[in-house]
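*Asks:* Sequence:
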Amino acid sequence: MKQNIHGKVKEVSGHGGGSYGIKYVNMVLSYSDLKNYLNNGNVAIIHATGHIMACVSYSNGKYLVLDSYPSSNRGTSNGYAWKTEQEMNKLLANKEFHIIGKK
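Counted from 1, the sequence shown has number 77 at position 68 by the numbering used here; the numbering is strictly sequential.
Please keep in mind that the hints were generated in silico from the structure rather than gathered at the bench.
Some clues are possibly wrong.
[As the list claims (entries may be wrong)] List time: in silico DSS-like cross-link candidates among lysine-lysine, alpha-carbon distance up to 25 Å:
1) K32 to K111
2) K104 to K44
3) K111 to K71
4) K71 to K44
5) K44 to K99
6) K71 to K99
7) K32 to K104
8) K44 to K32
9) K104 to K71
10) K44 to K111
Using the sequences and the accompanying hints, generate a full structural model.
*Replies:* Next comes the structure, spelled out in structure tokens:
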């Protein structure tokens, strides 16, 4: 059985996160919670269909998304993109934000 994204992110950050000074903090389901975590120096793992990316900042009504495998289909041809909530909703497979913070 496939493990869900939440379980996988939690497992990976728990096993190897200490080596990199990070820990799994929380899973949130709202943009207001996501903004609060980003504004406090955390990052979020997000799930686009068939792909995961990092959401690392919020500014001027947009989220900064980093993509390790850039794609014009996701609007991340440069490896990053600033996305509005509406654009995030189109991008995401689900509205779960997996928060990673400093250990």
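*Asks:* Which earlier hints can't be squared with this structure?
*Replies:* Every hint satisfied by this model.
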